[in-house]
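K.L.:
Sequence:
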Amino acid sequence: LDPDLFPAGVNNKEVAEIFGKVGLGKSELLMHFISRCLMPRTWILDLSKLSWDSSPVKNSVCVNLSEYSSHDQVEIPRVILIETESKFSMLRLYTILENRISSCLDKSDLDKEIFQTSQFQNLVKNLLE
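With our numbering applied, the sequence shown covers 11 to 139.
Honestly, I wouldn't trust all of these hints.
As the list claims (entries may be wrong) - With a cut-off of at most 25 Å between alpha-carbon atoms, the simulated SDA-like pairs for lysine to any residue come out as follows:
id : residue 1 : residue 2
1  : LYS36     : TRP53
2  : LYS97     : ARG51
3  : LYS97     : LEU40
4  : LYS36     : SER76
5  : LYS97     : MET41
Keep in mind that the hints were calculated from the coordinates and are not lab data.
Can you build the whole structure from these sequences, using the hints too?
P.N.:
Here it is, written out as structure tokens:
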């Protein structure tokens, strides 16, 4: 849907207004745009912190998140949301981010146990700060 609405991509410092009748999916669309803006292109995962036994793992892996990212910067951009009805669901945004990262982990053949680690929690927390 993103390429249909923004063929050249969503640019930084652009303002978008979404409006329409109740029940059309405006909030859901907005959540997906926000998650795309917040998602980094890559996530460096330190495998040594995932080790469940005493044997150290000395390498890290780079998880490609670019399928769900809209930026090339090293720094994660911020989103300003002006919401007047207090209906924004941070839990829904967290779930969307989690699902997108999970999808990328599936493509990387990495274990889902990564979701149990503080690295994953720190990544999502940093995206939402």
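K.L.:
Each hint: holds or not?
P.N.:
Hints versus structure:
1. LYS36 x TRP53: violated, 29 Å
2. LYS97 x ARG51: violated, 29 Å
3. LYS97 x LEU40: Holds - the C-alpha atoms of LEU40 and LYS97 are around 12 Å apart, at most 25 Å.
4. LYS36 x SER76: This hinted pair holds, its Cα atoms lying about 24 Å apart.
5. LYS97 x MET41: Roughly 12 Å separates the two Cα atoms, so the pair holds.
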